[in-house]
Amino acid sequence: MNGWILITGILIPLLGALLLPLFGKLSGKFRNIMALTFVTTAFILAVCALTGVLADKPFSARYVLPLGFSFGFLGDALAVFLAMTASFVSCIIVIYSFGYIHEYENQNEYYMMVCLFVGAMMGLVYSTNLIAIYTFWEISSLCCWRLIGFYREEITIDRANKTFIITVLGALIMLVGFMGIYSQTGTFDLTEMKGAYIPSWCVVLILFGILSKSATIPLHSWLPDAGVAPSPVTSLLHAAVLVKIGVYAYARFFVLTFEINEAFTTIVPVIAAVSALYSAGVAFRENDIKRVLAYSTISQLAFILLGLSCGEKIGIIGGLMYIMAHSVAKGGLFLCAGIVEHNIHTKDIRKMGGLAKTMPLTATAFALCACSIMGIPPFFGFFTKHMVIEGIVSSGNIVLGVLFVLCAVMTVMYLIRLFVKVFFGQQTFSEVKEGTPIMVVSVLILGIISLLLGFFSFLPSHLATMIWGLM
Amino acid sequence: MFNSIGEFLCHGANLIIFMVALPAICGILLWLFQKQYIVKLVIAILSSVTNLIFALGLSLHNEFFTRVPYAPFEFEFLFRVYDLCALFIVIAAVVFVLITLYTVIYSKKKHYGGLYLLYLYISFAMVNGALLSDSLGSMLFFWEGLLFPLFGILLIKNNNNPKTAVKTLTLVGLSDLLLMLGIIITSHTAGTQNLSEIENLAISGNGMLGFICIMLGALGMSGCMPFHSWIPNASDDSPTVFMVAFPGALQVILGVYLALRTVLDIYGFVPGSGISIIIMALGSVTLVFAAAMMLIQNDIKRLISYCAISQLGFLVMGIGSGLTDGIVGGLHSLIDYVFYITGLFMISGIIEKQFGTKDLRQLSGLLKRIPATMVCFIIFLLSVVGFPGFNGFLSKELIFNASLKTNVIFYICALLGTFLTALSFLRMGMSLFFEKKNAPSEIKKESKSSVGMLIPVVILSSLCIGIYSQNGLVEYALGIGKIAGVTFALIVLFAAAVLLAVFDYIYGYKKSGNALNCANHIIYAPGIKRVYKSAEKGYFDPYNWLIALVGGFSDICVRMEHGVSWVYDKAVPGMVNKVGLALHRFDNGRLSRYLYLVIGGLVFITFVFIIIK
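Those protein sequence lines, which keep their order, are chains A and B. Going letter by letter, the first sequence gives residues 277 to 747 in my numbering. Going letter by letter, the second sequence gives residues 14 to 626 in my numbering.
Cross-link-like lysine-lysine pairs, in silico, BS3-like; alpha carbons within 27 Å at most:
#, chain 1, residue 1, chain 2, residue 2
1, B, Lys591, A, Lys438
2, A, Lys633, B, Lys170
3, B, Lys583, A, Lys623
4, B, Lys176, B, Lys546
The hints are simulated quantities; they were obtained by calculation from the structure and are not laboratory data. The structure displayed is predicted, hence computed values, not measured ones.
The whole structure should be built from the sequences, with the hints applied where relevant.
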């Protein structure tokens, strides 16, 4: 019942994406509007699916296929939470793209891939079948490959290939893990496997896929390199959607569905701690604005992974809320970096300075988003960071708690360094102006939402608590 | 009237609306009306006085709790008003009235006035929220909420040189995050976040870590070592009104409040215990180091900022002793601190505004120019030193008492601190007001605005003339009986330290012929000279250590990252290439090779089947 909402939410961006090149032949504006319409529809339908979650009757659809196979879609709290977050930030990114991409070639392909990507994300979060999840996972990798190689320069193609190879390889290893699960349970349907214990080797194989997608050390190398892509792409991939697929899969598989060996509640947080500290260390020394943000993403994803893997209710809820906080704020930061790069044609922060005078709105949006990532109250990031660290301390791992506090300190240090180097100090580009109104409004929206979510943090918290209720 | 106000505030969300939201809203109004001086002045006075009335209403009302329901999972916004908190709320409100008045007048024609007031009011809202919080989580929320306005204010005049803002945010942010860890560990150990439900936790194991982190967070907010070094930098780069409000009052009020709560309520703090000795040692080092640094300062604001740090050392020694004398002395000392440090910063602002410089080398003979300011300065000086009849006397003597009871070394440090402070103030005061040297070429008469700025200074100086300390207010707030007086012998020793400072000043003055150089015989003494040079170069600045540490760690990470990138970009593709080339060479079209492959394959499959069987 009402499962059509979920399927429509997947199909509209997926199939609509295929039509966009045709629309592009007719008119660029029409294509842009249709791209926004498809992504916005996904968001609206995710909000519609929220009504089912709030009424405790999640929307679902199930299609039985021959030979015992079946495909199912479920709009439970976790799926809707992720779908709403990803599609909303994607909407903002598409709007921003109108100002950013308009001067480049391959726009038809760009909008097609973005829509396809959002459709794949919707499919991934709503699917209850492991094979369907894998399929959407790979569609997202394909889109990612084309989007990173958008500029068609040799280096961008190399980096796109690198991303594709690492994430696809990770996914293939994960697929072997899925096969292992199938051999144990005789089904690919997650709803039928709830509470099933899966062997540790399957967990390890699936973790390969998850860690490669969520760019966790040592499978992180593609993420900073993918910064050669256009900024809306990096925002979409590095902040809002792609990297969240990994942590979503962790939550779906290992928090909500399977029983796994207790040792993973120590192993995964330790991996997360190493990843967080290491990437924060690199971010502190990087001079490329997008690479700093990319390493920051790796570090913050480790916080999310920590929350989800600590095994404590407050940590898991904090980790889930962190996904939203990070998507919005980091999305904004990448888009701000895009405005800066777009206007001064460099990504080297050593060549920047004093841009707050000429780009005050971008600087304000950057500050708002950075405050959320740093975890300064009343921004949303404060609550999520606090809850995640509380989760790990409650689980008895005080040493990890201390390590993550150190990471939080380093987060403050590298983000402030970045902010100050770009927007304060001696003015290096005096004739630079703000980005186009549509770009500036986009980043301001994300900055203001980062702040407002702090004041209304009880709303996402309520939804995250419902996700906990699914356990 | 106050009772009915208290009654009104304790209902529903009124407390949070009127004590937290209202100051923030008034800040926005002040920002919006930044160009209308009179409107700004009226809003500032009305809002700060209203806040004071609310604070008095709360202080006279019986203890009560209130909860704001809108909070995320397990994060309670719970507030409680009781004796100690009410005292701090009133202190903050009194100082806020004076700071606001001073700030509006000081920033009359300054372009940043509106923005500064916005940040100040938001900060004050945060301070109110933190003091009223009964939940550790909500206290942390308001506490850390100070970071944003703090950073914003320090950027106001320093767009081109934001180093101090970065340093401040890093050090205060570090202490805040330590506080977060401490709060999390403490709530985990106690099983609750509610302060009123936590009592006498053991300072051992996790509790020890929790206690240390909370104390570091509290002392870091106040500007105690090792989180102090941003304060002198801020005195160089920030408007005087910032120094008046933040290191001078709000941050110390907040930090000391939490330190007191931690020692008195949350943890079972044992006087004379190892942790007590460590805290007192931290206080002593802060006291002596900062007082010693005062001797070489030629900038009024810098000198006062070191004085603030040094006086904080006294406070920390008192609280860290855990003894009744020390705690009462510490709390008295806080009130004194807020009055005289705020007052001294205000005086530095008056001098800077009026004479266009704050460099002691360019200022002298101001006695006739600003006699009223000089009288206030002398009152503050006597209070800082702890002269009988002034506020500082009782608090200092109580802390001396507690120091001696704990360990004689702390007592000697306290005496040394007093000696250095007295000498530094003699140096500054004599040079500023009584000495005749190269006066600034165009000394103006005291302007009208300076008279307006003098009002809060006069009020603060009158509050320093030992009135409140006699009425047992502090003892009442702490819930203890009136404490015994201090011994005569200690007073004599204290007087000796002050007299020694006077004699040393006279000796130094005669030797150098100049008030500013009166301490040269100490500064350039063998051994000490090198220490001072190292201090001036920033070798003792913990911020530099932190940056070096993080930088070193980052360098290691970057090198490792190069290795990882090499593996992905060179090693793996190279290996794949080589394997491909080898296979390519192998695939040369000869039948024999394929035959070997087939046979090898068959043998392998057979082998596998045998194993499976």
